[in-house]
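J.: Chain order of the listed sequences is A and B. If you count the first sequence from 1, you need to add 1031 to reach my numbering. If you count the second sequence from 1, you need to add 2 to reach my numbering.
Where hints are given, some of them may not hold.
Derived DSSO-like pairs (lysine-lysine); straight-line CA-CA distance at most 27 Å [to be verified]:
#1 B:LYS5 / B:LYS98
#2 A:LYS1042 / A:LYS1102
#3 B:LYS110 / A:LYS1088
#4 B:LYS54 / B:LYS5
#5 B:LYS5 / A:LYS1088
#6 A:LYS1088 / A:LYS1045
#7 B:LYS54 / B:LYS98
#8 A:LYS1102 / B:LYS98
#9 A:LYS1088 / A:LYS1042
If you're looking for bench data, these hints aren't it; they were derived computationally from the structure. Here the structure is a predicted model, which is why all the values come from computation and not from measurement.
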Amino acid sequence: DTGVSQDPRHKITKRGQNVTFRCDPISEHNRLYWYRQTLGQGPEFLTYFQNEAQLEKSRLLSDRFSAERPKGSFSTLEIQRTEQGDSAMYLCASSPYTTSGHENIQYFGAGTRLSVL
Amino acid sequence: LAKTTQPISMDSYEGQEVNITCSHNNIATNDYITWYQQFPSQGPRFIIQGYKTKVTNEVASLFIPADRKSSTLSLPRVSLSDTAVYYCLVDYQGGKLIFGQGTELSVKP
Chain A
1032 DTGVSQDPRH KITKRGQNVT FRCDPISEHN RLYWYRQTLG QGPEFLTYFQ
1082 NEAQLEKSRL LSDRFSAERP KGSFSTLEIQ RTEQGDSAMY LCASSPYTTS
1132 GHENIQYFGA GTRLSVL
Chain B
3 LAKTTQPISM DSYEGQEVNI TCSHNNIATN DYITWYQQFP SQGPRFIIQG
53 YKTKVTNEVA SLFIPADRKS STLSLPRVSL SDTAVYYCLV DYQGGKLIFG
103 QGTELSVKP
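Chain B on its own, in the form it takes in the complex (with noise of 0.2 Å):
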């Protein structure tokens, strides 16, 4: 059964890095992991997307075991605007499009 499962909530600092990890035990070989931030009343927003090993890009970076049954969100240096709902998204062969429950993550000053 394919499951997304990330923890509930984490705390930090400002200019910390925050590390959130996924897991995914059923992913497959063509499944990609997509992460996402909300704030409340708003829609989730994109923030990285990667199939294996390590990508990064100007907000965030994402690890990839050669497993791939996690993945590890990167937040350098958060700040107080980082407080914020944090999702890892899976699609499951293709049409099983499966969201973790969600880390809610508080940056405090």
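So here's chain A without its partners, still in its complex pose (with noise of 0.2 Å):
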């Protein structure tokens, strides 16, 4: 499969513990893009990098959550101190960078479900 893979499919935490997310890129993408979902609810940007510089990082929901991409190969995201609103699906995608003047389509992985109990 050459798609975008993310890890774990699902994860339970309990209010307070540390989580971690890993997402694995199409292989040739050098932009990379985390979103938040929350139920009934379009995903919600959070960060993106282009190889392992994070170009965009305001958008992050609280100084809690961070994410790393050190080899501009996969990312992972991090959510210190978890709280029940954390609660959500988060999605990965990544796209090709080109300078042509067009936008560039990114495609997504099948998400990382985190109940925080």
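These two chains come separately, so use the hints to put the complex back together.
T.: Printed below as a string of structure tokens:
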């Protein structure tokens, strides 16, 4: 399978615990995005990388959220001291980046569903 | 304030054409519009993308008027398998990625 892969698919944790999610993008894509999606809502943009550089992180929900992409390949999203309000689907997407003037199409993984008890 | 707005739900019957409109009043000159389809427990799947006028591919058409403040996704001859949530995404000024709240399409036999 050469699509975007996310791991785990489901995560159940207790309030106050830290959780980390992994995303493996399509191999030739140099842009990687993280979103949060709650029930009945559209995906909410959190952050994105171009290669290893995090170009936008102001939309991260709080300082408990952080993301890394150390070698410009896979990425991790960490939530520290989880709260019940963090329960949601966390989606990762990747896209190629070109300077052709055309918008870059994002391809999404299946997501990681987080439940905070 | 950038905002992307869609109807919450639509109903249709098999074989009909379905048109879903998205409003994006603050769209800028170089902002693209992208539509996605999402089934339960799956990530969104790309349908079509456009910048102006009309774009057509094998599954849908996208109509964008001259003022670009709205766009319409057109699905020809829908089937039961097209029952899903459809999202409009606008990348406002490169980096402000805002999805609409989604339109839940229900196709009936």
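J.: Next, verify each hint and record whether it holds.
T.: Hints versus structure:
no., hint, in the structure
1, B:LYS5 / B:LYS98, "10 Å, holds"
2, A:LYS1042 / A:LYS1102, "25 Å, holds"
3, B:LYS110 / A:LYS1088, "42 Å, violated"
4, B:LYS54 / B:LYS5, "19 Å, holds"
5, B:LYS5 / A:LYS1088, "19 Å, holds"
6, A:LYS1088 / A:LYS1045, "26 Å, holds"
7, B:LYS54 / B:LYS98, "19 Å, holds"
8, A:LYS1102 / B:LYS98, "25 Å, holds"
9, A:LYS1088 / A:LYS1042, "24 Å, holds"
The earlier numbered hint that this structure contradicts is number 3, and it is the only one.
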